Amino acid sequence: MKPRFLVSRLAQAAFVLLGVSFTVFALSHLSGDPVSLMVGPTATQADIDALRRSMNLDRPFFSQYAAFLGGVLRGDFGTSLWQHQPAIGLVLERFPYTIQLAAAALLLALLVAVPLGILSAVFRNSFLDRLAIGTSLVGQSVPGFWLGLLLILLFSVTLRLLPTGGSGSLKHLILPAVTLASFTMGRIARLVRTNMLEVLGSDSLRTARAKGLREFTVVIKHGLRNAAIPIVTLIGLDASALLGGAVITETIFAWPGLGRLVVQAISQRDFPLVQAATLCIAVIVVGVNLLVDLSYSLLDPRVNA
Amino acid sequence: MKVLNRLLALAAALSLSAAVAQGAPPQSSFVLGMSAETATFYPPGTGGLFERNSFLQIFDSLMHREADGTVVPRIATAWEAVDATTWRFTIRQGVSFTNGEVLDATTVKESIDLYRAPESVVASRYRSIVDVVAVDDQTVEIHTSVPDPFLPNALTDNAFILPTKYLAEVGKEQFASKPIGSGPYLLSDWVRGDRIVFSANPDYWNGVAGIQQVVWRTIPEPSSRVAALQNGEVDLIWEIPAIQVPLLERTPGVQVQSGPSPRAVYIGLWPDSPVAGGEPLRDVRVRQALNYAVNRQAIVQALQRGYGTLISQPIPQPTYLGYDPSIEPYPYDPAKAKELLAEAGYPDGFTIELLATARYLTAEESQAVVADLAAVGVTVKLVEVEYGQFVTRLTQEKSQSPMYSLSIQGTQGVDAYEIYSIAIASTGTFNWNHYTNPAVDALVAQMASEFDDATRADLARQAAQLTHDDPPWIFLWNNSSIYGLKDVWQWQQRSDDLISVYEDVSW
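Those protein sequence lines, which keep their order, are chains U and S.
Under the working numbering, the first residue of the first sequence is numbered 1, with each subsequent residue one higher.
Under the working numbering, the first residue of the second sequence is numbered 1, with each subsequent residue one higher.
Read the hints as simulated data drawn from the structure, not as lab findings.
Model, not experiment: these values are computed from the prediction.
Don't be surprised by glycine CBs; every beta carbon is placed ideally from N, CA and C.
It cannot be assumed that every hint is accurate.
Stated by the list, open to error - Pairwise CB distance ranges, derived in the manner of DEER restraints: (1) S:E169 to U:P60: 42 to 48 angstroms; (2) U:P60 to S:V170: 31 to 37 angstroms; (3) U:G19 to S:H143: 51 to 57 angstroms.
Unchecked claim - Mimicking EDC-like on lysine to aspartate or glutamate, the simulated pairs with C-alpha atoms at most 20 angstroms apart in a straight line are: (4) S:K172 to U:D76; (5) S:K381 to S:E353; (6) S:K165 to S:E110; (7) S:K398 to U:D76; (8) S:K381 to S:E279; (9) S:K486 to S:E339; (10) U:K171 to S:E233; (11) S:K178 to U:D203; (12) S:K109 to S:E66; (13) S:K398 to U:D33; (14) S:K338 to S:E384; (15) S:K178 to S:D189.
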């Protein structure tokens, strides 16, 4: 891998993050006023002004933005207006939960979807293929909130096997992970199938078979590797989406992930928290994309320019 | 003076509180399933309901209101109005915070000062205070700029007393996540977004809590809260959608409890709104017509499954001092509405904009209102926005519509004066429709400094009739608060939607 490739990707990443910081800052400040949401019905304009001053929200927009950027460079994202805690700390506190859930969902999706996709491709148009693709389509189309509630009704309320929500043990992770995995699972299975079909019919695989390799080696080593790039791209996209928090799943299962924190911060116009969270999510998305880009050059040496 | 009657017999109060429990509780921990959690444990930095509810578990205030409305002493053992602008509080001796810091008159003074500082979110509630003086270890005097009969209300389950030495030492940020209080429970674990664990304060001055542990679980999705109760994971859930009630009623081992919420929901009517179209509202007959036109009983029946009561005056609940039970809500009478509109010169109705947000009026409810108004010829342009947007439009006024959905809830919730002074008086900070009725204003001014409860209640009842006849709003309803509870417990619902596990739960 050439260092120039890495450096140019890193420079792009920094530029993207700066853009995100400005967009988020501007949008959140334009969208409303946290102070009028905070005070009760007895507050006068003078009370509101005093409070706004004490939060430094009365300063000109660009001076606030400059102060924010300066803080970020020092690692200080400001203090949450509602929670009175350093914003970055609140975000990092939620990360382990988001990572747990995202990793479990992604792992589950891959474990099911990749073998299923391969089998569907190898036994194209068989009963198994139709069943697998039908199921993936259903998994992809079923809304998360509906599936989540059904799982709760079945596994918690009726069978009493699993908790309805919360966190703290592996048991708590199962239902949200399954709910979250269902969408990604369907997407990956269908993509694996399509790409495998294309590769399985290719000349290189015919050659591999002609060499007398076992069918398993042909399909996995030669087939899957050649079909991998679009699949990795999709996994990267889904992974960064999952790591940004899964609001609906988190809400249904009362999972303390990042998604709920962000939505709450937005509805309360908690600017420092919104900014810290979005910047962190942006870092993840950019980071995952970077990894995906780098993995291309491992999977396909031609992508190294 | 009547207030002197409020001096409370200490012995009686002590025997009431915390003494209900007999024998060991059925479970050592009590799990609440709430729709949100507290954002902070720094009380001067918040005015939210969830926050106040969690403060109630770990802090003490000067006085406390029990579920039935009785005010009992807490940190203050007695209080009296020494003269028109001075309240004197006697502070309980021998109370300390869970870190050993002693609670005395100075602590009380310094705490109250924190609530009225400019950077306090709740400063406006204590606007009448000019000075708080610790006269000696046991006595605090509060001087007000004007006679303030309501000051004790503002200090009841509000203005929680904080360990000011510890606070000064660790600062607001650390206090907000690691609070120290003198209350029945102490904070022992907090997984943000998931659960807060409180454990009984072993040295609580008012008697150690019978229930060892209180777990506050945050379950934002109502269906999941209901499922958690069905599954036995939680003991008490709040905010149950009316549509889910039958499901819980069929579940063995749980029961549904409901009662009026602290909120009155209404549609404000502002003739002079910068958004055109409000002019017809100047005529009182038009405002009355709108009240006759909306079939509120049908909406409550169909969309809230009957879990709501119609309001006839600005006061949310009959429990308020000064509520007038003799005033009937406007009946549904579209013919009368049409007649009034015709008399006012709008036989063919008019077109007007309604700004609504789901927090006060759900999409179904606002559409039902719009349909009812259309039936008498009033065409409503419905503008539905997200809550944050709504508040911005309401408070900046430039884009506030001539009609808007809103609800009113007193911060003290006991005296009608509070509602009239903020939402109805022409100087009210929550009078977003700039309602002006000189006769009502005069009554509110009289109530403001009237120390005698009976006289004040009488003034409030006069104001109720005047505002009913010259309606500032389309009076809508009070949505009930609906709770679900495991059968092994008994729990008394409070009129302010708070839950004090220490007092309200028994077995």
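*Are the Cα positions of K178 (chain S) and D203 (chain U) separated by 20 angstroms at most?*
violated (67 angstroms)
*Pairwise hint evaluation, D189 (chain S) against K178 (chain S), where the allowed Cα distance is 20 angstroms at most*: holds (9 angstroms)
*Between K109 (chain S) and E66 (chain S), does the CA-CA distance stay at or below 20 angstroms?*
violated (24 angstroms)
*asked:* Check whether the Cα positions of K171 (chain U) and E233 (chain S) lie no farther apart than 20 angstroms.
replied: Measuring from Cα to Cα gives roughly 14 angstroms; hence the hint holds.
*May I ask you to test the hint 42 to 48 angstroms on the CB atoms belonging to E169 (chain S) and P60 (chain U)?*
Since E169 (chain S) and P60 (chain U) have Cβ atoms about 36 angstroms apart, the given range 42 to 48 angstroms is violated.
*asked:* Please check whether G19 (chain U) and H143 (chain S) have a Cβ separation lying inside 51 to 57 angstroms.
replied: Given about 55 angstroms between the Cβ atoms, the range holds.
_Against the 20 angstroms threshold, does the CA-CA distance of K486 (chain S) and E339 (chain S) hold or violate the hint?_
violated (52 angstroms)
*CA of K381 (chain S) to CA of E353 (chain S), is that 20 angstroms or under?*
Holds, at roughly 5 angstroms.
_Against the 20 angstroms threshold, does the CA-CA distance of K398 (chain S) and D76 (chain U) hold or violate the hint?_
violated (36 angstroms)
*asked:* Tell me if the straight-line CA distance from K172 (chain S) to D76 (chain U) falls inside 20 angstroms.
replied: With Cα atoms ~17 angstroms apart, K172 (chain S) and D76 (chain U) stay inside 20 angstroms; holds.
*Is the straight-line distance between the alpha-carbon of K398 (chain S) and that of D33 (chain U) 20 angstroms or less?*
holds (15 angstroms)
*K381 (chain S) and E279 (chain S): Cα distance at most 20 angstroms?*
Measuring from Cα to Cα gives roughly 15 angstroms; hence the hint holds.
Hint check: violations occur at hints 1, 7, 9, 11, 12, 14; the rest are consistent with the structure.
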